[in-house]
Amino acid sequence: MKTTYRRALLLICSMWLLLPETLWAAGGKAEMLVVVADTRRVSSSITLYFLDLYNTSPVGFGILCVILTALLGSSLGVITDFFMRRTGIDLKSRKLVEH
Amino acid sequence: MEWMYMYMPIAGVDIFWPGLVLIGFSVGVIGGFFGMGGAWMVTPGLNILGFPMAFAIGTDISHIAGKSMISTIRHSKFGNVDYKLGLVMVVGTVIGIECGAQIVMWLERIGRVGSVVRWVYVVVLLLIATMVFVDYWKATRKKKAGIVGEHGAEGITWYRTLHKIKIPPIMHFETAGITCSAWLPIMVSFLTGVLAGFLGIGGGLLRMPALVYLIGCPTHVAVGTDLFEVMISGLYGTFTFGAKGRIEIWAVFVMLAGAAIGAQIGTVATKYAKGYGIRVAFGLAVVACMFSIILKQFKYEIPATVLILGAVGLICLYIVVIMVKGAAKELREKKEAERLAA
Numbered sequence: 322m323k324t325t326y327r328r329a330l331l332l333i334c335s336m337w338l339l340l341p342e343t344l345w346a347a348g349g350k351a352e353m354l355v356v357v358a359d360t361r362r363v364s365s366s367i368t369l370y371f372l373d374l375y376n377t378s379p380v381g382f383g384i385l386c387v388i389l390t391a392l393l394g395s396s397l398g399v400i401t402d403f404f405m406r407r408t409g410i411d412l413k414s415r416k417l418v419e420h
Numbered sequence: 335m336e337w338m339y340m341y342m343p344i345a346g347v348d349i350f351w352p353g354l355v356l357i358g359f360s361v362g363v364i365g366g367f368f369g370m371g372g373a374w375m376v377t378p379g380l381n382i383l384g385f386p387m388a389f390a391i392g393t394d395i396s397h398i399a400g401k402s403m404i405s406t407i408r409h410s411k412f413g414n415v416d417y418k419l420g421l422v423m424v425v426g427t428v429i430g431i432e433c434g435a436q437i438v439m440w441l442e443r444i445g446r447v448g449s450v451v452r453w454v455y456v457v458v459l460l461l462i463a464t465m466v467f468v469d470y471w472k473a474t475r476k477k478k479a480g481i482v483g484e485h486g487a488e489g490i491t492w493y494r495t496l497h498k499i500k501i502p503p504i505m506h507f508e509t510a511g512i513t514c515s516a517w518l519p520i521m522v523s524f525l526t527g528v529l530a531g532f533l534g535i536g537g538g539l540l541r542m543p544a545l546v547y548l549i550g551c552p553t554h555v556a557v558g559t560d561l562f563e564v565m566i567s568g569l570y571g572t573f574t575f576g577a578k579g580r581i582e583i584w585a586v587f588v589m590l591a592g593a594a595i596g597a598q599i600g601t602v603a604t605k606y607a608k609g610y611g612i613r614v615a616f617g618l619a620v621v622a623c624m625f626s627i628i629l630k631q632f633k634y635e636i637p638a639t640v641l642i643l644g645a646v647g648l649i650c651l652y653i654v655v656i657m658v659k660g661a662a663k664e665l666r667e668k669k670e671a672e673r674l675a676a
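For the protein sequence lines, the chains are U and H, in the order given. With positions in the first sequence counted from 1, the corresponding number in my numbering is that position plus 321. With positions in the second sequence counted from 1, the corresponding number in my numbering is that position plus 334.
Treat the hints as calculated values from the structure; they're not laboratory data. Mixed in with the good hints, there may be bad ones.
[What the hints assert, rightly or not] Here are some chain U residues pointing at chain H (derived, C-beta under 8 Å):
id : residue
1  : A358
2  : R362
3  : I367
4  : F371
5  : L374
6  : P379
7  : G383
8  : V387
9  : L389
10 : S395
11 : L397
12 : G398
13 : T408
14 : G409
Keep in mind that this is a model prediction, so the values were computed, not measured. Ideal Cβ positions, reconstructed from N, Cα and C, are used throughout, including at glycine.
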């Protein structure tokens, strides 16, 4: 049982490492884009921080994009869910009817 | 009118932000209802708004990840997401997409990639649309003849034959309500992955019907489970494209604001739609996508974009009407029941 568990864990870890390279192979390999974000038109310190990160650390920017997308997605999901519940609709059950 | 334009500091362009909200909303509605990412709808829209193509795909993927997360949360509460099935399918999808990408690279080497991929895409979409409409026609005939199962009449039931293959390990997927060999979802996701990799798409368009017709998921569970997979792949796509400097994150934020509302509407609308209502509307979306690709193949770029955006608008309207009508009916009945109880 322990060996099976270890093997499964190993397989999952390998898949996890392989995913970023393979999963979006579908969209064609995204080549490194050399674009420098123009900070001259920006005054907000948060925006400046993002742009600096974009210009100096591509991997850091990639990680930040994932964190922000996940955070914003989940928080917007919770907020809109809250308002949807206020409508009085039953949002916990549904009938499975095909035809 | 200057306030309606937002400066995108990475791409260096001013974008009409209400357009971004509208795109996010429409794709949120459609994606939540059909269970797919919808990149084929977003990219032409972003392009029209003046987005450079280099940023359109990455921005699109990041937005799809966030939007799918919102839809998955809602579908999950309805009991429409089979996480176990979704995770099993990720294995096949990953390997399949890589194989598909290798085929494309081989075609690139022999210099025939462009037209081959487009025409294969057209044939695949034609087959899916035909399958959906034949299925509907068969189900309608069965219903008239009184042959009705647990969840209503069913047309195409290929999954029943595939469930007879009993190669171990046999797995039970509780939410989907199916017991089959684990190799069935792995092989189906592998094949849809190969096609997705070959065609250069996310794969929701192929996986959703495959979950219904080949694995035997109820339509609603197929929609939710597919969105769960789109969410996982979208987050990885966000990292890959972000690290390569191809995401305009401010545009993603704006689009997600619209998508959050749209995804709720699209997802809740599935509660009021019968499985076949979703399938037929999906078939029509596939037909629109197919014709736009044919037009692109013959270099009619503007008509192709008009067709896609027109279809998106109409389908979106159809889903919103389903949601509003269904919710109004439910609230009326609830009020009536309360009045009778009092």
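Hints versus structure:
Because the smallest distance between the Cβ of A358 of chain U and any Cβ of chain H comes to about 5 Å, under 8 Å, the interface hint for this residue holds. Because the closest C-beta pair between R362 of chain U and chain H is about 6 Å apart, less than 8 Å, the hint holds. Proximity of I367 of chain U to chain H is violated relative to the hint, the smallest CB-CB distance being about 11 Å (cut-off 8 Å). A distance limit of 8 Å between C-beta atoms decides the matter here; for F371 of chain U the minimum to chain H is near 7 Å, and the interface restraint holds.
This hint is violated: L374 of chain U has a C-beta 10 Å from the nearest C-beta of chain H, more than the 8 Å allowed. For P379 of chain U, the interface hint holds, the least distance from its beta-carbon to any beta-carbon of chain H being 5 Å, beneath 8 Å. Checking G383 of chain U against chain H by beta carbon gives a least distance of about 3 Å; that is within 8 Å, so the hint holds. Taken as an interface hint, V387 of chain U checks out: its beta carbon lies about 5 Å from the nearest beta carbon of chain H, inside 8 Å.
Because the closest C-beta pair between L389 of chain U and chain H is about 7 Å apart, less than 8 Å, the hint holds. For S395 of chain U, the suggested interface contact is upheld, since its CB lies about 6 Å from the closest CB of chain H, less than 8 Å. For L397 of chain U, the interface hint holds, since its Cβ comes within 8 Å of a Cβ in chain H; the closest pair sits about 4 Å apart. The interface hint given for G398 of chain U holds, since its Cβ lies 4 Å from the closest Cβ of chain H, which is under the 8 Å cut-off.
Interface restraint check for T408 of chain U: the shortest CB-CB distance to chain H comes to about 7 Å, inside 8 Å, so the restraint holds. Because the smallest distance between the Cβ of G409 of chain U and any Cβ of chain H comes to about 6 Å, under 8 Å, the interface hint for this residue holds.
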